[in-house]
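Colleague: Chain order of the listed sequences is A and B. Taken in order, the first sequence gives residues 7 to 279; the numbers are from this note's numbering. Taken in order, the second sequence gives residues 7 to 279; the numbers are from this note's numbering.
Every clue listed holds true.
You can't tell identical chains apart in this list, so a pair holds if it fits in one copy or across any two.
Calculated cross-link-like contacts (lysine-lysine; reagent style DSBU-like; alpha-carbon spacing at most 30 angstroms):
1. 228 with 98
2. 29 with 98
3. 185 with 98
4. 228 with 71
5. 218 with 185
Keep in mind that the hints were calculated from the coordinates and are not lab data. Because the structure is a prediction, the values reported are computed rather than measured.
Chain residues, written in single-letter form:
Protein chains: 2
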Amino acid sequence: MKKVITSTTNEEIKLIRKLQLKKYRDESGLFFAEGIRPVLEAAEQQASIRKIIYCPEILNSEAAKSFIELNQERDFTLIEVDEKVFLSIASKEGPQGIAAVISQKWFPLNEILKEYDGIWVGLDSVQDPGNLGSILRTLDAIGGKGVILLDQTTDAYHPTAVRASMGAVFSQKLIKIKKEEFILWKKTIKIPCFGTDCNNGIDYQKIKYPDKLILLMGSEQKGLDADLAANCDDLIHIPMRGNMDSLNLANATSIILYEVYNQHRQSKQQVMK
Amino acid sequence: MKKVITSTTNEEIKLIRKLQLKKYRDESGLFFAEGIRPVLEAAEQQASIRKIIYCPEILNSEAAKSFIELNQERDFTLIEVDEKVFLSIASKEGPQGIAAVISQKWFPLNEILKEYDGIWVGLDSVQDPGNLGSILRTLDAIGGKGVILLDQTTDAYHPTAVRASMGAVFSQKLIKIKKEEFILWKKTIKIPCFGTDCNNGIDYQKIKYPDKLILLMGSEQKGLDADLAANCDDLIHIPMRGNMDSLNLANATSIILYEVYNQHRQSKQQVMK
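Bound conformation, chain A alone (with noise of 0.2 angstroms):
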């Protein structure tokens, strides 16, 4: 179905403005993945799309053009609207002229039981969308599996976290729960999980991880709840040698999970020799 709509008070484009609040993608279940990448990168992933928007005037991809022009039939919305309505719902940093209104997809926490390995990160009360989205796009490039969200984390499916992603909010699982509950399932299962302790944790490059893995971060701030700290295998630190006591969420993050990759790269070089 096609439609065009040139006015930015008409009633789906005020519905898809009001997706940039966490209140009302819960109550929706949707999100809203604006640019050329994300939205290509949604149908590769084969992510659940309702409403592709794009504008004609700004939009000057090729390949988005004949996304386009392939998905006339297909069962989402394609909905054509003019520059101003495209910019009264887009993010100030240089549109590009495609977006989409997508449902959201969550895990159950036995996700993570399904297949032998795998890198999952779970995130305790991290607030910054941004550090978010590109601990995804980290994690998606070392081949990760997904993201455990733990109580007050920020939204994966925020406007920042999606950009930040750059995609990986499709490639990676995502899975929402409670601290308690996390920790009560932690104890039923074996799957090893390492905390970050700046104060007391083992270098973590003194760490052997294996091919299956829950890497648990704590806010900057707070550092990680004490409760998760306890029920973790291995509490692990990054050496620092100059006045900083800390680093930045997702650059800890993703030096930890090239850590991790490396080793299981060389491991597996050494195999094929």
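Following the hints, complete the assembly by docking chain B onto the known chain A.
Modeller: Same frame as chain A, but now just chain B:
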């Protein structure tokens, strides 16, 4: 000198607010740093503090209070303000009741030649001040020396960069230079330069990093400029196995900086054995 200001339209307060703008930062050679940690770190690192602005109704850090008490006689101006004035100059995220106006400090390129070792990061066309700030923070953590800002790279004294650096903007040396000048200078010196190239570089772990080096990073969108890449001693890349073809710039820089740091601390441990 101490004064009390209770009007948001006071001329001095208006000038402080204008430091949010690059134009006025460039003209005045000043910048604005906010929060307990950045202000105390500025004092610790002997930055040239011109004004300290504090709000007794908001400030509840004993360390910051005694810093103000001890510095009544110093050569900067102490400005006590009420809550509405402080909030008119502060960022929205949890103001802590203390801020400073500080002179910018820039080093010439030859500062890099001064010591026999040291890790420097050169940033070409980097747009996001939050990324720049968190790169400074990681660089401080590994004991790096400073950052070279090439051409259109965002301002290290942008309020977001200052905040994200968590004080590292004071410990790390800052150099600002045109790309062409940097390339001419590079041809005359022997310091190894490593550039990132997603497509052609060597695996970043296959390099043995020397004690003194410059790591050149381009923007996420365009990669490293071709002229800069042509003047690097080696081009490196970070391997990936997921859908992603690039990482967030600050995450990528942090991953490489930690590889350099890990190699250096391991070789020191071997010498000690």
